[in-house]
Amino acid sequence: MQNQRTETPLLETKGLTKIFGSLRACDGIDLAIAPGEIHALLGENGAGKSTLVKMLFGVLEPSAGEILWKGKPVSIRSPGEARATGVGMVFQHFSLFEALTVAENIALALDGNVAIDRIADEARRLSHEYGLPLDPSAHVADLSVGERQRIEIVRSLLQNPELIILDEPTSVLTPQEADRLFETLAKLKAEGRSVLYISHRLEEVQRICDRATVLRHGKVTGACDPRQETPSSLARMMVGGEVAEISGAGLGEPGEVLVEVRKLSAPARTPFAVALRDVDLTVRAGEVIAIAGVAGNGQSELFDVLSGEVTVSDADSLRIANVPAGRLGITARRLMGCSFVPEERHGHAAVPNMNLSGNLVLSRYASDREAFLTGGWLGLISSGPVAAATKRISAAMDVRKSLEDPPAGSLSGGNLQKFIVGRELDRQPRVLVVNQPTWGVDAGAASRIRQALLDLAKSGSAVIVISQDLDEVFEIASSISVINEGQLSKPEPALSMTRERIGLLMGGFHDGTGHGTETAEAAHAH
Amino acid sequence: MDIAQNILLTIMTAATPLLIAAIGELVVERSGVLNLGVEGMMVIGAVCGFAATILSGSPWIGMLAAIVAGAVASLLFGVLTLSLAANQVATGLSLTLLGLGLSGMIGESFVGSAGIKLASLDIPVLSDIPLIGRLIFGQDPIFYMSLILTGGVAWFLFRTRAGLTLRAIGDNHASAHALGINVLKIRYLAVMFGGACAGLAGAHLSLVYTPQWVENMTAGRGWIALALVVFASWRPWRVLGGAYLFGAVSIGQLHAQALGIGIPSQFLSALPYVATIVVLVIISRDRRLTLMNTPASLGQAFVPDR
Chain A
0 MQNQRTETPL LETKGLTKIF GSLRACDGID LAIAPGEIHA LLGENGAGKS
50 TLVKMLFGVL EPSAGEILWK GKPVSIRSPG EARATGVGMV FQHFSLFEAL
100 TVAENIALAL DGNVAIDRIA DEARRLSHEY GLPLDPSAHV ADLSVGERQR
150 IEIVRSLLQN PELIILDEPT SVLTPQEADR LFETLAKLKA EGRSVLYISH
200 RLEEVQRICD RATVLRHGKV TGACDPRQET PSSLARMMVG GEVAEISGAG
250 LGEPGEVLVE VRKLSAPART PFAVALRDVD LTVRAGEVIA IAGVAGNGQS
300 ELFDVLSGEV TVSDADSLRI ANVPAGRLGI TARRLMGCSF VPEERHGHAA
350 VPNMNLSGNL VLSRYASDRE AFLTGGWLGL ISSGPVAAAT KRISAAMDVR
400 KSLEDPPAGS LSGGNLQKFI VGRELDRQPR VLVVNQPTWG VDAGAASRIR
450 QALLDLAKSG SAVIVISQDL DEVFEIASSI SVINEGQLSK PEPALSMTRE
500 RIGLLMGGFH DGTGHGTETA EAAHAH
Chain D
0 MDIAQNILLT IMTAATPLLI AAIGELVVER SGVLNLGVEG MMVIGAVCGF
50 AATILSGSPW IGMLAAIVAG AVASLLFGVL TLSLAANQVA TGLSLTLLGL
100 GLSGMIGESF VGSAGIKLAS LDIPVLSDIP LIGRLIFGQD PIFYMSLILT
150 GGVAWFLFRT RAGLTLRAIG DNHASAHALG INVLKIRYLA VMFGGACAGL
200 AGAHLSLVYT PQWVENMTAG RGWIALALVV FASWRPWRVL GGAYLFGAVS
250 IGQLHAQALG IGIPSQFLSA LPYVATIVVL VIISRDRRLT LMNTPASLGQ
300 AFVPDR
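Sequences listed follow chains A and D, in order. Heads up: the first sequence begins at 0 in numbering that gives the first Met the number 0, then just goes up one per residue. Heads up: the second sequence begins at 0 in numbering that gives the first Met the number 0, then just goes up one per residue.
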């Protein structure tokens, strides 16, 4: 639009800065959002996006700089004040209360004493108006991630905001759910509301955003019209250099069967968990199988069963290298040449308060007993070889750290993930199972990890990758399977798979027939 | 007939201090704070209530003093765990030890003094109705307060906006903070309510149940109240059921011992604890419902990241 430059911005920041200790999370940010525009805030993890919006929403207090609302300086000291000003926010990690109902969750965000049933009616009306159907009496714990996001959106809409901030809204949605969200955003824009859209997905930003501000290391590195840019020029602004292309060249013909899952079922262990039902999966040497799916459909349950954190009663339903393994624990499976990387880095894949070498010993003391332990049954740690292995892994995966052997928790997410993946790759496992290998990891580290997974498959190992990131799935998989409500679709070759087909499988369409777009719409209408 | 009424009366009297202390702790835990100092606050309430009664001559003033003393003790816990984010378990245990020691010191000169009983209600005609007269119209004031508290807390938690806010904080304090709710302020209020209730429960012991001061006279009732809250899945009416069950079995086993039944007395003494836990475990076996009612942020310190 031509007149945007002369119009007073709805929200403007001047030199906004937030300092945590010695870290300048946001450093002199200048940002201007015009009325009625969808403005993208781009940047890698740790670029300062979340810190910036937390200041705009009054959750964090700026260290310096000012915020202007319709040209006038304002001080936003709490989320309540932000809402009163006209700013609504949809958080990345939802700020919902699982034990409460949808209506109660919405009521909490509204000021004053409004009767719960009036809120329920209003929420139902608004949610249908914007095409986001909700049942006000449902408990949040029972809802899918997409439905939870709808609550957040409806909750912010109920306050009639002029600016809505969305923090990584599509990271948890199926492609079809994302399309519906984009329609809602278009509706909001048509009403004259502004949207601040935080993402690191360039394709989406180019599709729906009018302008973009790019952050790197807490500073603005670019302000542009994303439609005038190419994905690689945007990526350069985000990363500050070229992102290495990863290559699957050299992935040979699959060899012998290394993992065979037959009719594996496991009951749900908690009311919030998912039961696995009749899972079938065959993974051969030299193959990367990706398991796509929307979060909370049984991914972690499947990982637990594959890794042996949870054993199944029928030992034969899981065979590793043709040995019944369903009742074996993690260590026994590791001794058979398997390695596992769980999703949660802190507390599951690594102990945050222990240093890297300690974490290395914890996961490999049994499989590499001769290398890492000495003193026979005393099992003393041989610090020399352990330190050398830590160094070797850090060098191989380019783990950036300030000390030789820092506590795992002090590393950034991407660097810790590189170390954890490297720790398992270092022993050249025959079978590797990874859950969400690059969740919350910046683009540079993600491409490094993906290349390492491909290299492992090339060397003749079987790799199972559970991932919600479709870009990643298409980049590295030789076959793709989709998990939905604890059921696994039949793996299909990646070359013949489309995003649309994956989206349908995510929605529960397992049969090969009748998966047109009309059926998908009908399914969503439920 | 009168025997049945008397037995029921003793059961209710035995259950009342447990009920009051547990209802207070329920509110504290629903806000996400675990205060293991119930026993300590109760015993402080008992001694302060007794001392103030002797000094002023009025058990009503004693009761007020007990409530204030319980609240002050809980405020100490609040400052340590909420403002200074100290470990709640360790602080709660210390509060119990402090309470037992401090009450012994305060009460030293009152050991053996004759107490004044908080008078029971006595309405002519109504209190004399056979079987139910004294149960409904002839009990002590703290008994009526315990029922009002239970109903009031149930109504507050599930029917009011403020109760919703309190439950939300217990479920997820970080989200509550992000919504602009003042987490620490509401937790302070909840902790002090719990302290006041524990103090009142202590007053019931030294002003109604046995109107005298004996060192360590709470005899573990604070711990039972804590267990009741958990096994009742943090629901007020279940706490009431648990407290009365405990009271019934403890009175019942006393009568059984008096009758000389051929069961070792140690076993009978343990029976109320076993019975209460078994029954409450059985009714809380619906794991979904239990998880829905469990305050997810229980015991975790909250430090606002501003």
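By construction, these hints were calculated from the structure, which means they are not laboratory data. No residue lacks a Cβ here, since even glycine has one placed at the ideal position from N, Cα and C. Please note: incorrect hints may appear among the correct ones.
Said to hold, decoys possible - If you only want the chain D side, here are some residues facing chain A, beta carbon under 8 Å, derived:
(1) ARG166
(2) ALA167
(3) ASP170
(4) GLN256
(5) LEU258
Results of checking the hints against the structure:
Because the beta carbon of ARG166(D) sits about 7 Å from the nearest beta carbon in chain A, less than 8 Å, this interface hint is met. Taking 8 Å as the C-beta contact cut-off toward chain A, the hint placing ALA167(D) at the interface holds, the least distance being around 5 Å. The beta carbon of ASP170(D) is positioned within 8 Å of a beta carbon in chain A (closest approach about 4 Å), and the interface hint is therefore held. Violation of the interface hint for GLN256(D) is found here, the shortest Cβ-Cβ separation to chain A being roughly 43 Å, above the 8 Å cut-off.
For LEU258(D), the interface hint is violated, since its Cβ never comes within 8 Å of a Cβ in chain A; the closest pair sits about 46 Å apart.
Comparing the model with each numbered hint stated earlier shows that hints 4, 5 do not hold.
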